[in-house]
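Going line by line, the protein sequences match chains A and B.
Our numbering puts the first residue of the first sequence at 57, with every later residue one more than the last.
Our numbering puts the first residue of the second sequence at 9, with every later residue one more than the last.
In case anyone wonders, no lab produced these hints; they're calculated from the structure.
The model shown is predicted, which means the values in this text are computed figures rather than measured ones.
Every residue gets a Cβ at the ideal spot worked out from N, C-alpha and C, and that includes glycine.
Keep in mind that the hints are not guaranteed to be accurate.
Subject to a maximum C-alpha distance of 20 Å in a straight line, what follows is the list of computed EDC-like cross-link-like pairs (lysine to aspartate or glutamate) [as the list claims (entries may be wrong)]:
| no. | chain 1 | residue 1 | chain 2 | residue 2 |
| --- | --- | --- | --- | --- |
| 1 | A | K744 | B | E403 |
| 2 | A | K800 | B | D126 |
| 3 | A | K564 | A | D672 |
Below, a sample of chain A positions facing chain B; criterion: calculated Cβ distance under 8 Å [unchecked claim]:
| no. | residue |
| --- | --- |
| 4 | S470 |
| 5 | Q570 |
| 6 | A574 |
| 7 | T577 |
| 8 | A582 |
| 9 | V677 |
| 10 | S763 |
| 11 | K765 |
| 12 | L793 |
| 13 | N798 |
| 14 | V801 |
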Amino acid sequence: MNAPLTLVIGILAFICFSNRLWSQGLDGASVYGKVSATSGDALVGVTVMLKNTGIGAVTNTEGRFQISNIPAGSYVLQVSFVGFEAQEKTLQLKAAQKAEVDINLKEDIALLNEVEVTGKSLVREVNEQPFTVTAISAKDLYNSTSDARDVLNRVSGVRILEEGGLGSNLSFTLNGFSGDQVKFFLDGIPMDNFGSSLSIGNLPINTIERIEVYKGVVPVWLGTDALGGAVNIITNQKNNFLDASYSFGSFNTHRASLGGAYTNHNNGFTFRGSLNYNYSDNNYKVWVPIVAGSNVDGWTEVERFHDRYQSGFVKLETGWVDRKWADNLLIGIIASANDQQVQTGTTMARAYGGLTRNSQTLVPTLRYSKDNLFIKGLNVSLYSAYNNTKSVIADTLKGVTYNWLGEAIYTPGSTNGEYISARTFTTMTDDEFTSQLNTGYVITPKHSLAFNYSLSYFKREIFDREHPDKPENQFPRSLTKQVVGLAYKFDPSKKWSTTLFGKLFLQKAETSKQFDFALPTQRTEAIEVTRNNVGYGFASTYFLLPKLQLKASYEHTYRMPLATEFFGNGLFTQANPDLGPEQSNNLNIGAAYQFTLRGDHHINLESSFIYRNSEDLIYQVVQVASPETYFDNLDETRTLGVEGSIQYLWRETLRLGGNITYQNITDQADFIYNESYTGTGYQRNFQKGYRLPNTPYLFANANAGLSFKDVGLQESALNLNYYYNFVEQYFLSWAELGSTNNKKVIPRQASHNLELSYSLNEGKYNVALECRNLTDARLYDRYYLQKPGRAFYVKLRYVL
Amino acid sequence: MFSINLKQLSLPLLSLFAATVFTSCDNDDDTPSPAAGESPFVLSLAVQGSDNTYTYYTVPFEDVMSGTLSAVGQGIEQPGYFDFRQIDNTIYSLGGLGDVNVVGITQNESGDLTQIGDVSFANSLADIVKADDNTLVALELSSTSDVVRFHTIDANTVRVTSTKQHPVSDITDLSAPSYSGMQVSGDHLFVSYYISDPTTYDTPYTDEAVVAVYSYPELEFLQVIEDTRTGPIGGFNTKTGLIQDEQGDVYAVSHSNPANGYSQTTKDGGILRINSGEMEFDQDYFFDVEEVTGGKNISHLMYLGNGKAFAEINTADNANQARWSDGPLRSAIVDLYAKTVTYIDGLPEHSGSGRRLAALHDGNYVYITVPEATATYVYRIDVANHTATKGAEVEANFVAGFFKL
């Protein structure tokens, strides 16, 4: 064997074994094993602790656990699990020893009969933060065809407005805050920059562990300028799993999802990934006017004919977990793409047959976190990502338009485009860098501090192949945002917790603006806008009774316009360089109460009251006449709202729940500004005190679920779920003017969804059937933008 | 035990209940019914929202000379941008800025306004005019489109009966023609327009008046007629460039007003005539308006009868007008035959109202609305005496139409 070859083999061997060598080189001992019930069933989620050390682990889906890096010595291993008798075992560990300990837990019969769960789940702990927050565990929904959007739509105060079928635009409203006043996070990382192919509308439920919805005041560690609240989607955190699912159904909809993680417990090396694909023809039927020879010849049901959507994304992450130097050190990449036909603009008044858009996104990511870094109580996490998105909008047909029957209408000699008269083939290149640093320090158990810094830099370049000289496309567009937050948390007693915080918002935007429209001095110039604001607030919670929690929070805060609000989306959403930040004073007061009756009946009640005064509310303007929309500031608005929810659980068999939200958002401005050049200036606002147009104000949800174990086969489970959704009719325009019987409305809607799922082998094999919009009701969230009628879906899922 | 739990329940339950109460208090059904008895006056009120969009409410009123005129709880709602035209007993609303529909509004026996017909075009209509008692002609002429379309509409059903299409290049190779007036007289249909750059809104061609002539009812393109005695006909969205008297003579007004969209003025404003049955300008008729008014121009014109027309006249000469301001204006009665101008007394100088003239001719009176410092008011003008009386306050940001059904 020659020398170079030996060297190569040597290096390879070193690479292959080095992790192993390193981990063996440490003197840490480890304990591993399996926890099972007397029946032999593996127990999942059992806490295994070394008494008085704070070191421990939780069993995985196979009931296995591993505790590493234990200094040599003698220990007491504590194993406890709800419904089982706790066990303790004494251990003597030598340096680098690997001890296997299998544990058999005995069921605690006495306890099981009248179980009172005192151990708090993570969901419960999140819910008990002083912030107004709702955490929903997604686990119960893994067999359903839901995605993040469906889960959120069942939270009180939340309303998701959809423009159509799979892949259509979504807008999220939370207590009357809409658009992007509510920020979305994926594992604490802003989702803004993941691109349109990865959104709550296509994120499959199986990749999600839980979703936290913060209403109003948002904790500093999310570091956001969201002023309506925030939604934090926590993805599957398990270290070893494989979850594959495929669903298909009406409108030729196919969705496939594959997710998994592998972690080597010896060296902490981990690799996790998820792969998703969505496809739908969205050819559902809509009720539309048929125009023949310019006459509206009645209304009929037609299939949508130009609404195909497909998207896919790959998310890969690799690195180390649970090391001395890092709880997580992961590098990753997200690649996503979508491709979409465009059927309508912001109303269904016109159908398009040639308009398309697509985008491709690549996001490299870096994530690091460590609790107790250098000193006990100092927790640090850092996330950075770079995003590159290319999107194309194409309206290149000449002299062709379409009607709702899908027929092309040719205008001989005309070169007009379908949507834009002058046609367009626009390429937008967006680059964005985001970084977020969170540090927390626990001074004493009663006092802790948190510091957060987040930075985002967005840049867009636009090129229109049909009009390379378009003035507004010649200017740089960029947006730099920084948010610095500092919070102090005071927990004087177990009953009372308070957080005080301050936030600094810094924003710089570069864009272009047209001046002196239609005057001899009309010109487009580059402009630079810098805005700096300071926000502050507090959040507090107090347990009046062990199960009765009161919450109050107040915040004076700002929100910077987002890139899409500023710069538009290149198609139906127009740019508005005059858009300013909005500010608001938010007050939330809430109470939550849970109790158990006769052991079996668990009841959970929650209610909250919202008061908000907003200036320069960033608001999406939708006009019935135009397929276009844009964002503008509303001078002064006020929100008064109440919401309540109730949940009832009987054993593990029956679940009933419901919530109702009422929010009255009114215009409080005394004047409007007229800039038409005739009578330019402030004029009286004739709609002061009227409810905001095009915004739902009363909506409710209810659900019922039944679960049966061991139906037909051992280790099987059968679940039946029913969901009801109600939205009261609301007006497209301001509420009080005009005769109510001919005002443009988004009609009252009630929809019913039904789901049946069956799982085998303790959830390893699953099949689910779902019917959406059971009554085939005509559903609208936006004026005249009809959503799908009755649809059926089947989902198959395999979990390892 | 149960009773204690109920007590603990009370707080969250109360707030749940509160949600229900708040909701049930909120009731939008207290709509006042339309004014009892006859409400012959109909106003189209444009209300601007805090989101800078407009919504139009077409509302019937019994009395326009006292009190306040408001759309609260009444009227036909139309969000968007609309033009209103009354032809006989129907008000036609023409969608603009993206809206491509036309709806007729009529009054039923109980005084309620109802909508009839529903037609939808490729582009917004530039205008709609009466051709005969049963026929209307509508025009699509948009600066962003390369076709001109005529639609004939059955006035009784508001249905399109035929459509005729021509290339814009028939009438000009310049970019782009901007509509300013249309009349059907005998066998001819006349369309006036001026050239306005669709990007800068500059008007580099102001040396002559141009009118396109089409045959009627065939709607074939015949010719473009030109006249260099004055500048282009009509102005930005005033749509009153052409008017017609009882004999079928068509009068064309030129002003080149910066206040109505012109970036330059190269000819004095005046009125030309196309005699009934002809398809040329009458070389023997010219009403030199600037000579009579001392350099001021007519921006809006509405024919009344016997050669008399109601006019809105700019108080500033062209050199001193603020571009696009559509004002300040003075109201006057113009005699097309005698070539005289008589200003109305008792009416303040005022700015225009939404770029179109919203005026009602009813017997001896013309009604208009005038925006004043704090509010907009109705004025009733006595055509014979040239006097005006102030009437009701209008709760709208401007008035888009003033009608009587």
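*Can you name, in rising order, the numbers of the hints this structure does not satisfy?*
Violated hints (numbers, rising): 5, 7, 8, 10, 11, 14; every other hint is consistent with the structure.
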